[in-house]
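K.L.:
Going line by line, the protein sequences match chains Y and C. For the record, in the first sequence the residue sitting at position 268 is 268 according to UniProt numbering, with numbers rising by one throughout. For the record, in the second sequence the residue sitting at position 160 is 160 according to UniProt numbering, with numbers rising by one throughout.
Keep in mind that the hints are not guaranteed to be accurate.
[Said to hold, decoys possible] Just so you have them, the derived chain Y footprint on chain C, three or more residues with Cβ under 8 Å:
no., segment
1, 74-80
2, 86-96
3, 142-148
4, 196-207
5, 246-253
6, 267-281
7, 296-305
Because the hints were derived from the structure by calculation, they are not lab data. C-beta: ideal position from N, C-alpha, C; glycine also.
For reference, the chains in residue letters:
Number of protein chains: 2
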Amino acid sequence: MQCSTLGIGLAGVGTVGSGVILALRRNGELIRDRTGGTVEMTVTKALVRDPAKPRAVSLPDETLTTDWHELVEDPAVDIVVELIGGTTDAFDIVAAALRAKKPVVTGNKALLAERGIELFALSREFDTPVHFEAAVAGGIPIIKTVQESFIGNRIHSMSGIINGTSNYILERMTTAGLDFETALAEAQQLGYAEADPALDVNGWDAAHKAILLATLAYGFPIDPEKVHVAGIECVRPIDIDFAKRLGYVVKLLAVVREHPDGSVELRVQPSFIAKSHILASVNGVFNAVAVHGDAAGESLFYGRGAGQDPTASSVVADLVEAARSLRQATGHRGFLPYREGGRLMPIEETETAYYVRFDVTDRPGVIAEIAAALAGAGIGISGTHSPVNPETPDAEFVDMVFLLHTCSFGRLQQTLSEIEQLDCVNSTPVVFRIEKL
Amino acid sequence: MQCSTLGIGLAGVGTVGSGVILALRRNGELIRDRTGGTVEMTVTKALVRDPAKPRAVSLPDETLTTDWHELVEDPAVDIVVELIGGTTDAFDIVAAALRAKKPVVTGNKALLAERGIELFALSREFDTPVHFEAAVAGGIPIIKTVQESFIGNRIHSMSGIINGTSNYILERMTTAGLDFETALAEAQQLGYAEADPALDVNGWDAAHKAILLATLAYGFPIDPEKVHVAGIECVRPIDIDFAKRLGYVVKLLAVVREHPDGSVELRVQPSFIAKSHILASVNGVFNAVAVHGDAAGESLFYGRGAGQDPTASSVVADLVEAARSLRQATGHRGFLPYREGGRLMPIEETETAYYVRFDVTDRPGVIAEIAAALAGAGIGISGTHSPVNPETPDAEFVDMVFLLHTCSFGRLQQTLSEIEQLDCVNSTPVVFRIEKL
Numbered sequence: 001m002q003c004s005t006l007g008i009g010l011a012g013v014g015t016v017g018s019g020v021i022l023a024l025r026r027n028g029e030l031i032r033d034r035t036g037g038t039v040e041m042t043v044t045k046a047l048v049r050d051p052a053k054p055r056a057v058s059l060p061d062e063t064l065t066t067d068w069h070e071l072v073e074d075p076a077v078d079i080v081v082e083l084i085g086g087t088t089d090a091f092d093i094v095a096a097a098l099r100a101k102k103p104v105v106t107g108n109k110a111l112l113a114e115r116g117i118e119l120f121a122l123s124r125e126f127d128t129p130v131h132f133e134a135a136v137a138g139g140i141p142i143i144k145t146v147q148e149s150f151i152g153n154r155i156h157s158m159s160g161i162i163n164g165t166s167n168y169i170l171e172r173m174t175t176a177g178l179d180f181e182t183a184l185a186e187a188q189q190l191g192y193a194e195a196d197p198a199l200d201v202n203g204w205d206a207a208h209k210a211i212l213l214a215t216l217a218y219g220f221p222i223d224p225e226k227v228h229v230a231g232i233e234c235v236r237p238i239d240i241d242f243a244k245r246l247g248y249v250v251k252l253l254a255v256v257r258e259h260p261d262g263s264v265e266l267r268v269q270p271s272f273i274a275k276s277h278i279l280a281s282v283n284g285v286f287n288a289v290a291v292h293g294d295a296a297g298e299s300l301f302y303g304r305g306a307g308q309d310p311t312a313s314s315v316v317a318d319l320v321e322a323a324r325s326l327r328q329a330t331g332h333r334g335f336l337p338y339r340e341g342g343r344l345m346p347i348e349e350t351e352t353a354y355y356v357r358f359d360v361t362d363r364p365g366v367i368a369e370i371a372a373a374l375a376g377a378g379i380g381i382s383g384t385h386s387p388v389n390p391e392t393p394d395a396e397f398v399d400m401v402f403l404l405h406t407c408s409f410g411r412l413q414q415t416l417s418e419i420e421q422l423d424c425v426n427s428t429p430v431v432f433r434i435e436k437l
Numbered sequence: 001m002q003c004s005t006l007g008i009g010l011a012g013v014g015t016v017g018s019g020v021i022l023a024l025r026r027n028g029e030l031i032r033d034r035t036g037g038t039v040e041m042t043v044t045k046a047l048v049r050d051p052a053k054p055r056a057v058s059l060p061d062e063t064l065t066t067d068w069h070e071l072v073e074d075p076a077v078d079i080v081v082e083l084i085g086g087t088t089d090a091f092d093i094v095a096a097a098l099r100a101k102k103p104v105v106t107g108n109k110a111l112l113a114e115r116g117i118e119l120f121a122l123s124r125e126f127d128t129p130v131h132f133e134a135a136v137a138g139g140i141p142i143i144k145t146v147q148e149s150f151i152g153n154r155i156h157s158m159s160g161i162i163n164g165t166s167n168y169i170l171e172r173m174t175t176a177g178l179d180f181e182t183a184l185a186e187a188q189q190l191g192y193a194e195a196d197p198a199l200d201v202n203g204w205d206a207a208h209k210a211i212l213l214a215t216l217a218y219g220f221p222i223d224p225e226k227v228h229v230a231g232i233e234c235v236r237p238i239d240i241d242f243a244k245r246l247g248y249v250v251k252l253l254a255v256v257r258e259h260p261d262g263s264v265e266l267r268v269q270p271s272f273i274a275k276s277h278i279l280a281s282v283n284g285v286f287n288a289v290a291v292h293g294d295a296a297g298e299s300l301f302y303g304r305g306a307g308q309d310p311t312a313s314s315v316v317a318d319l320v321e322a323a324r325s326l327r328q329a330t331g332h333r334g335f336l337p338y339r340e341g342g343r344l345m346p347i348e349e350t351e352t353a354y355y356v357r358f359d360v361t362d363r364p365g366v367i368a369e370i371a372a373a374l375a376g377a378g379i380g381i382s383g384t385h386s387p388v389n390p391e392t393p394d395a396e397f398v399d400m401v402f403l404l405h406t407c408s409f410g411r412l413q414q415t416l417s418e419i420e421q422l423d424c425v426n427s428t429p430v431v432f433r434i435e436k437l
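Pulled out of the complex, with its shape left as it was, chain Y reads as follows:
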């Protein structure tokens, strides 16, 4: 199937917007292939504040506009991507796009948490979708999970670390003993915190995301003004130390939970969580959401919660969804072969380090013989050990394990088959991989 290219109107060419352009350039062909040729997309219009400003990702001059009406109304724009942030112009852009029956992709959690009800009503009225995977937890597909994968689940609870900036600051306070101000300054220097970090550190960025998740899971609008939010500005080294001593770590946690009476608890605040819980290991700018559904049980979704490429990953996935709905190409979702001559690597070529256990007859020279065979094949040994059973210290048949440096599996197999011929080796050696993950 061949189709004409869909035009994207990109409102906002900042960090994420540039990431979207780059991702489409890098992987546009792959997307076309994976969708059986139904989805090709290109940025046909881009809303910027200053067209003259030099930018990392170049776009043709005629693509740029400073007037959002021009972007939404352009007949060459089929899908509108809103990445300008804020809740005023962004609202007008999304609303106008929906009225024009142009699907919208947005990463604007504040807009949806504050004014989503109005926009989703427009979406229904004009039967035009609003996609917003990028609004919560960057590259983690948590919106799709709650909306689609867990649609048959009553959601008991969702607990998440969903603000990377706060999480980075708390981790630095924990591991480097920094105070809040120093850790924040460091995060800003590294580009993990905005020049105005207020929404990140005061908890509201996480709260907007939690509100979105809760509305999807529980089906009623939640007024942000009624949500209790506390940020991490009040966290001090003494709190971190005290938590540590008790076996906790301090995290900015968003908690959403349905109670037996049907009421929904939603709160964001610094929290002590047990060091042994999997959420406690979510460090740096990573995000994670633990979801407990009545059928799926406990699940956890972990990944990069912000940044150019991860957020662009979610925007692009939404763009493909939007494109598919425009193309009515929603039927076949099975495996679609798109790569001719794809090559499965023969197992002999794969390379890792190895653990090998030999069953040997214990006599002087055994290690030397095996080691010599490995050396002859150029396979390095990082360790060897023959555990002595205290009950049978003079056993004739013993296990002998070798840790081997990285080499091809083919070379290993070849060498092991030679070693297997040695008198002292009684059976086929057992091989495990040592994985670098």
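Chain C: place on chain Y using the hints.
P.N.:
Below, chain C alone, put in the same frame as chain Y:
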């Protein structure tokens, strides 16, 4: 929007099939609400071996059949769910359903890994979808993630613990020092392993799943006969011990990785992985897949990899997808309000334990005064501490922290506002939650 109910033909009413019936009964109304009334489903035909056999989940007699043709051809069947397993009858059922243009939902990884190419070709030919989220990692939406959420990503690698039986056995060998045979027998007793556990412990169940993931990620069919698979039958306590001593754990790992030359590595084998890696903490019957995409970066998806309810969760999600495509109801995917009078719990009613830090003027009686106020409100104290700064041991203003037992936030706030009035308390106390996750 109101629609007639869609009929499901359920081939196989075993563990998962019963789970699907139960999930639809339990949450059918929720699904209808969440889809704006577009999706109502009921089982109209069920394929069983012996209609007379008593079963946990009752179905009307006229619904039961022993002839799959009857199920597929029944005009009251709109969607066919294949859960009988195997690659012969299951193939015929899926193929016949597709030819009849009835969407298929299956959890049969062996069928798709062995004969998926034929079935997906039929799916394209008859423009009818095959959904198979339940085929890989039970309740974890990894198929949707790879196919949809990461569609704009080049997938660098996928590493997974995707056979719960093996993982349970390895964990028991690790934590309880059992040998393989004993741990397997235990898993069978608990229902975690089939009477014939061959496919689980020999690695092929995991391999089938890895093959499915790899074909989706890389776009070419992979011949199972060319895949190198080793199971956990060869793992012995000595290997587990040795791994432990070196800071590793032994896991049955499926590794899929694309190399710079485009060739794809795919293997399943017992592996040493570093104890500190997040996959090392995946225990029991849980599954996890770490996915590395070029845009999304490192991600991890964790959850229940098997069992009645988690697998049914994925089948039901696929059923909703299939139903939506039949209903052409793919437009609006934003938030849909479906619960009138939903109630956000006032923050005062929420309950946790707390950490509270007071800024106090250090004089005799401070702890007593604060403790008395807490006691008066019936709030229990589990600990208190006032860290002394060695440089200023006689400081006038000090921090004093209290750990408090679970109580409502309203009661805490009320009590803290009283405490704030005490002469010795210099500012508003700082409160963190202590979360039970």
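K.L.:
Each hint needs a verdict: does it hold in this structure or not?
P.N.:
Consistency of the hints with the structure:
1. Beta-carbon proximity to chain Y at under 8 Å applies to 0 residues in the segment 74-80 of chain C; the threshold of 3 is not reached and the given coverage is violated.
2. Under the rule that three or more residues need a Cβ within less than 8 Å of chain Y, the assignment of the segment 86-96 of chain C is violated, with 0 such residues.
3. As drawn, the segment 142-148 of chain C meets chain Y at 4 residues by the rule of a beta-carbon pair under 8 Å; at three or more, the given contact holds.
4. Judged by the Cβ-Cβ criterion of 8 Å, the segment 196-207 of chain C is not covered by chain Y as claimed, because only 0 of its residues qualify and three are needed.
5. Look at the segment 246-253 of chain C against chain Y: 4 of its residues bring a Cβ nearer than 8 Å to a Cβ of that chain, three or more, so the hint holds.
6. With a threshold of 8 Å between beta carbons, the proposed coverage of the segment 267-281 of chain C by chain Y holds, since 11 of its residues qualify and at least three are required.
7. Interface restraint, the segment 296-305 of chain C with chain Y: holds (9 residues with C-beta to C-beta distance below 8 Å; minimum three).
Hints 1, 2 and 4 from the earlier list are contradicted by this structure; the remaining hints agree with it.
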